[in-house]
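Number of protein chains: 2
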Amino acid sequence: MTPPRMDKEGRLWCPEALAAERAKATFDPKELSVYIYGKEYLDRKAKILALLEAEPIFNKSVNYYQGRADRLKRALERGKRSTQLAKQHDWNMDDIAMADFLVDEPGPYGLHKSMYLITLRDQTNDEQKELFEKPAIAYDHIGCYAQTELGHGSNVRGLETTATWIEASQEFEINTPTLTATKWWIGSLGRTANHAAVMCQLIVKGKNLGPHPFIVNIRDLKTHKPLKGVTVGDLGPKFGYNTMDNGFLQFDHVRIPHINMLAKYASIDRNTGQYLKPANAKLAYGTMTWVRSRIVMHARLVLARSATIADKDAKDQSGETPVINYSTTQYRLFPILAQSFALHYVGLQMGRLYETNMKQMSKGNFELLADLHATSSGLKIWSTTTAVGAIEVARRACGGHGFSMFSGLAHAYQDYLPEVTWEGDSQILSQQLGTYLLKTARYVFAQRPGHVKKSITNPTIEYLLNYQNDPHFKLKGMIQDGQYLVKLFGHRAAYAVAQVARRRDQLGETWNSLLHEIYEMGMAHCEYMLVKYFWQALTTDEQLAQGKPLRSVIEPLFNLFALTTLESKAAEFFAAGCFSQGLYEETKVEILKALAQVRPNAVPLVDAFDFPDFLLQSSLGRFDGNVYPDMIDRASREPANASIINNDYRSAELVRGEAQSELLIAAFKAQSKPSL
Amino acid sequence: MTPPRMDKEGRLWCPEALAAERAKATFDPKELSVYIYGKEYLDRKAKILALLEAEPIFNKSVNYYQGRADRLKRALERGKRSTQLAKQHDWNMDDIAMADFLVDEPGPYGLHKSMYLITLRDQTNDEQKELFEKPAIAYDHIGCYAQTELGHGSNVRGLETTATWIEASQEFEINTPTLTATKWWIGSLGRTANHAAVMCQLIVKGKNLGPHPFIVNIRDLKTHKPLKGVTVGDLGPKFGYNTMDNGFLQFDHVRIPHINMLAKYASIDRNTGQYLKPANAKLAYGTMTWVRSRIVMHARLVLARSATIADKDAKDQSGETPVINYSTTQYRLFPILAQSFALHYVGLQMGRLYETNMKQMSKGNFELLADLHATSSGLKIWSTTTAVGAIEVARRACGGHGFSMFSGLAHAYQDYLPEVTWEGDSQILSQQLGTYLLKTARYVFAQRPGHVKKSITNPTIEYLLNYQNDPHFKLKGMIQDGQYLVKLFGHRAAYAVAQVARRRDQLGETWNSLLHEIYEMGMAHCEYMLVKYFWQALTTDEQLAQGKPLRSVIEPLFNLFALTTLESKAAEFFAAGCFSQGLYEETKVEILKALAQVRPNAVPLVDAFDFPDFLLQSSLGRFDGNVYPDMIDRASREPANASIINNDYRSAELVRGEAQSELLIAAFKAQSKPSL
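Quick mapping for you: the protein sequence lines, in order, are chains A and B. Heads up: the first sequence at position 105 corresponds to 95 in this note's numbering, and the numbers run straight through without jumps. Heads up: the second sequence at position 503 corresponds to 493 in this note's numbering, and the numbers run straight through without jumps.
Heads up, a few of these hints could be off.
Each pair may be met inside one copy or between any two copies, as identical chains are not told apart.
Cross-link-like lysine to aspartate or glutamate pairs, in silico, EDC-like; alpha carbons within 20 Å at most [what the hints assert, rightly or not]: (1) K218 / D405; (2) K559 / E575; (3) K583 / E510; (4) K659 / D80; (5) K20 / E30; (6) K29 / E382; (7) K659 / D116; (8) K124 / E452; (9) K559 / E510.
Treat the hints as calculated values from the structure; they're not laboratory data.
Produce the complete structure using the sequences and hints provided.
Written out as structure tokens, the structure reads:
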């Protein structure tokens, strides 16, 4: 039984269908790849990919079948091997990041490589560098960053673990006073780390001086057994991220020397017990902004990856019509690609602003920081929630096959989910952004129109000023005009801010009662930024100039992004007084046009994102389109099939003939249905 | 280290916090339980729960740690034991359904018990009952229902598997002609079934007579090995549902006797090869409606279950404020409870209509059928997508702990997901509903106002007539008035239908280009039904009369349901011309009021849904509130911890000291960040 190249109805078999799709491109996918990533990135990807594919330990075909223990073991082996490769091939940090991206699984050395090393680098004095950083870089010490506790997530001030200064012996005593003080969720702790950077309330002479980091040796460097007074373990199965050994940790009055309190910013004088205060923490906000721009740039790849799999799956012609020709399928999938590009441009802009800000801050100018930090908080929420939603939309768009692990979408969803929660919970971040927006609105609205100081303008002040000048949006224009769309989004954001300011400042409503509005206002702000910088790229990028091939593919994506966002939030535009029944209907018509323009490029577009099969691990998203043989092949490797053939389950089977009562048989035959 | 009953800030420990919440109830949860379920259901639940809890095989604490093979084996054992219990205790079909609900895992006999037995019961003649149904009821035959194929999901007409009538030997030859014809996704097939009801294209004398069901013996009844010509196995790991052995099946010219074609409705004359046609299939639509009302009633429990866990988790006072007091948390969680009740009332109504319809159909009256069938298609989409969304909203509302399997929400999500896809894909069902709505609109709008025949009215005709009489919605009212809200929802639904009718019939737009609007129109129709029957209950149920205790808890839920639905779809109300900026702002204010009214009952409400800990398997949702000790306890049972203590992973660990290149160390120390 060999697969036919074309079925009896004359419909194309998948690989040919893909070739037909690729022939439709209005642009060169390779040119778009370089436009998105730059040549250096693509060369790096090719180089690292070749190395990884040659190593048997990185063969991912086993991933979907392995249980937790086997996956953890393999992840440790992979971590070991990639660290060896890094040394052997003189990888730099970009190479390592690329390898992590391609290996595509949370590794048990993850927190050692990131938070532990960074904490040591940034918060140690010279003596501590020798004592802690050096062995950590050499992987003699393997560390983790122990902050959150069982009863305390994002609220650092609420931590209960204590480090009490013992004057007599010049030591700190680390202790877990309650069950809820158990360190919890700590990555790389469950199995891997022998050291931990532990955030503890520092207690000196009975006074609580707040949370500070301490280095604690938790496992014996030879036997890897927990040291005396330390209870440590893996915290069990999770929705995803099961190759990471998130762990728990308790201390029973464990003593550590004075030198183990990280002393770059704050310290205790060994002899007097005097507390020396930390320096200005504003620099840290800069780093946080950089981390968030990474999250945004990563989210755009998560979106593109989901669309890659679903777009290729949808071109399948085994049904009567390729599913991708249904307008609903296009409605589900193409906006994901548009969102990916919107994040791309806003992420680039964040990178540029980050550099400018770092230069300004080094000269003592903190003007940009607040806007950048606030917007990056909002974009962290927007990008991660959008990306996680898109994976699931794409998975469902694949129908039944999306539910198989072989779709490559289920594990992507499971492993990406924590991004939504960590590095700042949505609810907390949206309040940070909200505080900034209200402050800015109060500042702008307090001035007479035209009197805001020019030197401190920024995009937020800009749209608020426009609103102040034209609160009833008399500006006329067409939704086919990108410049007008940017104005619409600015007005809607400003209206949202003005409403919250009014309810808070004039009506005196509580902050708590406004949290939902504050969240929505933050998203309106972010969507303005997304539309603005997408439009800016379209009008200023040379490669997107009128008549250039790339414009034919990017311009419809801009329209699609702006218009589908407009449609999905239309109520807010209605409420802001800048929308009408007519425009609403027109928006729907224009969306259909944009979808039709994206349609011929659907497959070439995802080709341009250049995700290798090694990364995707998806029967549905294979570059060559051999979907069905791949699914059969992967199914045949399901380990349960060996047990089935050997009939290992026989003992668990039903005893024949004893199974049902006469009463039940009668009820069944009488077609009586169970109650609702 | 014992957990304190109250922490140092004087905040309550979880169990006490729960007790405080329970003391706030404005009603008796036990009374509400009886109101929701009826006493018979609750008694049944208590009876079956006691039996299951006494059986070690149903101990679920192992579930979260077991790999696929172990879970499948245990599911087989559980299936065996529950079938024995059914016989021993003379369970009826309601008892069995209850046991399945409480065991709460897809079982490998699932398709035998449902589709295989039902197919045999409904489609066999007397001889076939003896030959197939009798041994199936006795569990001598264990069957599955093999319809979908690798390349063919919901499109039954596209199936490729053939059953060719061989005149000479009076047999059928079952064959898999292509790779895409492989039977795929078939539940209970991968490991368990020895028989299959196989849907095949019936070929007689070279003519294709369309899909028909055939019984095929696929595995040896003694050895359980696949029979000659049969290739069968499990199709591998899935996002969820891994206790079910979904399988694949191929036939290589397998011959079966004439009697194996199920002959109740269609058959082949053994001697002449003549095809005898099937009878009217309309009765089957009745059954489909009943199945969907079950899906709706089940979805309401999925919603309530998610809210149960998240509400209890959110009352935790280890932070500064119980999270449940944040308005955003309330905004996320309380509407889930409101949706659960909305589905409850619409489900009850579907049940009543189903009974009425069955009576009418038995008299040859098919008037109700179309409306009932169409609405049930839409409600299937609405209920399952709402429920699956709610599980994830609830999971995220639990913060980091929601990501642990011990939350009990992750596996609930994974196992519930297929409901969204099967029993009719959303895209196909929404088109069925759309076709009906357009047909009805054409019928109504073709009449002069006031001239629609009274005898054939139904809720759809009703709201379309209202629209015809008052297309610009001159009706004035207040959103605090439920009756007015029902009218608003009716007008918005009618407007959506009228718009699609106009674009299709007057502007001549294609059906395909309107699919997104058709989907939205269907949801508008369903939301009208949901609001209508919720309001109907509030105005006619004796137990909800003014002054009755249950009204104090149900009325705010009605407001919350109607108003949050109104807010989330506000753009459509704006577009339909029945909404304004003022009403939009008012809606937000009224939602906050409703949330505040639900707040004191948040925990008592979920108590009333009466989900036993045995069902929830959730550290966060425990009835007694002992969240943290339970998480510690479950973590300590993670099997990886034994390997960790025994240091089984040592060989996989990094080689010390060889780990990093000088170049990388220098780059790291110089704080160079990887590129975006």
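Each hint, compared with the structure:
no. : hint        : in the structure
1   : K218 / D405 : neither (34 Å within a copy, 42 Å between copies)
2   : K559 / E575 : both (14 Å within a copy, 15 Å between copies)
3   : K583 / E510 : between (28 Å within a copy, 19 Å between copies)
4   : K659 / D80  : between (73 Å within a copy, 16 Å between copies)
5   : K20 / E30   : within (14 Å within a copy, 67 Å between copies)
6   : K29 / E382  : neither (31 Å within a copy, 39 Å between copies)
7   : K659 / D116 : between (83 Å within a copy, 13 Å between copies)
8   : K124 / E452 : neither (48 Å within a copy, 78 Å between copies)
9   : K559 / E510 : both (10 Å within a copy, 15 Å between copies)
This entry does not satisfy hints 1, 6 and 8, going by the numbered hints stated previously.
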